[in-house]
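Trainee: Fit chain B to the given chain A structure using the hints.
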Amino acid sequence: MNNQPSPLNYDLSRLIRLSSGNMEFVKKMMRLFLKQAPADIRELEMAATAGELQKAKELAHRMKPSVDNMGIESLYTVIRSIELYNSMDMTPEVYDEIQLTIGTIRQVIIQLEHDPLLID
Amino acid sequence: MENYSIFIVDDDPWYGELLEYHLSLNPDYSVTRFTNAKSFLDQLQQKPDLVTIDYSLPGTNGLELFSTIRSVYPSMPVIIISGQEDVSTAVELLKKGVNDYIVKDENTKDLLWNAILRIRENQSLKKEVETLRKELSQKYEFEKLIKGNSPAIKQVFGLMEKATLANINVSITGETGTGKELVAKAIHYNSNRKDKPFMAVNMAAIPGELLESELFGHEKSAFTGANSRKIGKFEEANKGTLFLDEIGELSLNLQSKLLRVLQERELVRVGGNEKVKLDVRLIVATHRNLAEEVRKGAFREDLYYRIIGLPIPLPPLRERGNDILLLAKFFLDEFCRENKMEPQLLTSSARERLLLYDYPGNIRELKAMMDLAAIMSNGKEVTAQEITMNATRSEDIFTGELKTLKEYTSYIIGHYLKKYNNNVVEVANKLDIGKSTIYKMLQQKEIPA
Chain A
1 MNNQPSPLNY DLSRLIRLSS GNMEFVKKMM RLFLKQAPAD IRELEMAATA GELQKAKELA
61 HRMKPSVDNM GIESLYTVIR SIELYNSMDM TPEVYDEIQL TIGTIRQVII QLEHDPLLID
Chain B
1 MENYSIFIVD DDPWYGELLE YHLSLNPDYS VTRFTNAKSF LDQLQQKPDL VTIDYSLPGT
61 NGLELFSTIR SVYPSMPVII ISGQEDVSTA VELLKKGVND YIVKDENTKD LLWNAILRIR
121 ENQSLKKEVE TLRKELSQKY EFEKLIKGNS PAIKQVFGLM EKATLANINV SITGETGTGK
181 ELVAKAIHYN SNRKDKPFMA VNMAAIPGEL LESELFGHEK SAFTGANSRK IGKFEEANKG
241 TLFLDEIGEL SLNLQSKLLR VLQERELVRV GGNEKVKLDV RLIVATHRNL AEEVRKGAFR
301 EDLYYRIIGL PIPLPPLRER GNDILLLAKF FLDEFCRENK MEPQLLTSSA RERLLLYDYP
361 GNIRELKAMM DLAAIMSNGK EVTAQEITMN ATRSEDIFTG ELKTLKEYTS YIIGHYLKKY
421 NNNVVEVANK LDIGKSTIYK MLQQKEIPA
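Residue numbers (my numbering), protein chains in the order written: chain A, 1 to 120; chain B, 1 to 449.
Same shape as in the complex, but just chain A:
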């Protein structure tokens, strides 16, 4: 059994750079992400289930800056692919990308909740 902790799905270096090293602000943004992200993925899940591609694209567009600035690198391409998906209907391809996004953000939420910065 592998007891190695899974690698972090986020990287705060960009946010730290943007805030010029103001760690209080970084913590504030982490908390804000924890508050906002569950609602975002809930909405995304509902859009995917209802086959509402346009709604999913709008949500992806809105989530993109926080995905970028929270350094969730594995979603950089995926979130843009959903945002700019060129189809009228929900396809299995985009549905899978939405599920990947939801899953990754769930992991980020769990990891952030245990981030030493927020625990201190």
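Hints listed in this document are in silico derivations from the structure and should not be mistaken for laboratory results.
Please note that the accuracy of each hint is not assured.
Unchecked claim - Derived lysine to any residue pairs resembling SDA-like cross-links, with alpha carbons at most 20 angstroms apart:
hint : chain 1 : residue 1 : chain 2 : residue 2
1    : A       : 55        : B       : 414
2    : A       : 57        : B       : 89
3    : A       : 35        : A       : 11
Stated by the list, open to error - Reference excerpt, derived from the structure (chain B facing chain A, CB under 8 angstroms, subset only):
hint : residue
4    : 12
5    : 21
6    : 109
Note that CB positions come from ideal geometry on N, CA and C, so glycine has one too.
Mentor: Chain B in isolation, oriented as in the chain A frame:
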């Protein structure tokens, strides 16, 4: 200083927070955040100094919201911040008047800071220009600019009023010091061209060989020393007013060039080929009798009729009766105020003396007299003693007490000797008299020192 208020409209609270943080780093900025268009529009009457809008908002988009803002506040600066780098959308927005289009990426902070700095600089310049324009238009209100109640000056006000209503050329005549340039400025700043430039050129003050390029400009290398293109006064005054002072001094050669420009309503810079379209209102002035100059052949008749437009003759001060006292008191008060002196009274003796003089230098001379009187007085009142008439002018001898022919002759020769550094030969040539006459008068001490 009041804070510079910025409204941020972004439906993503996370990104809105980031923007607010960046902007709040400047303590001069007071930032308010909105997550939807409705809540923002509800507070728009607070008139923020600047608004940033996320391009994609639920139920609307940046362009729609921008149009709504501008329909209420046409000059409110708006920056669109978009998650999408879309050149065609950016171009469309900028064409419609959005102040900047910034993409949400790692450079957003710096780009936004710089954009706001640029906008603030522009806003402050615009405010300054508006204030100056307001001050100018107040400064050039007829009654503030030209003091007087005499029938002669009231007639001038009537003509100036007419000149402001139509785009007709204006010709101002009057003795030196009667305020021709002030009248020209007052007409411009009360006309519908007031927001455009007013340019003035004194024909007598610029050497003839430079005047053509001064008026019409020149291209680089048009002549020796023309190191770069120069825009002439006509072009500088485009859409506004050009005031040509002492038009009577213009050479016949330049008169014909000026006539062509006025006829064609376009010019070609010296040494160039490109035709420049002109829309310039012309106001000219002269102390000469231009009609007389035309009769003598010194001024082109066709140009005369082209520029004469609405003639405004300015009366000499000696014909303005009690305006002399009104102006004297005005200049006295103005001088005292500018020099932080107590206001001074004009005694009745001073008033009598002022009314008796004929002011060959007109208002300019009166002002100089009153400035001097304010200094020479006891600080409370100006008496006749402090009113010093200008004795250096050759005309004074003719307007004062009657003298003998011998006395006039002595005065004139003395004046010329002074002017030509006591060069007897030169003075004799100038006056067309024998130099022995001058030597003899000097010997017999008949010429004043």
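Trainee: Could you work out which earlier hints the structure fails to respect and list their numbers in ascending sequence?
Mentor: 1
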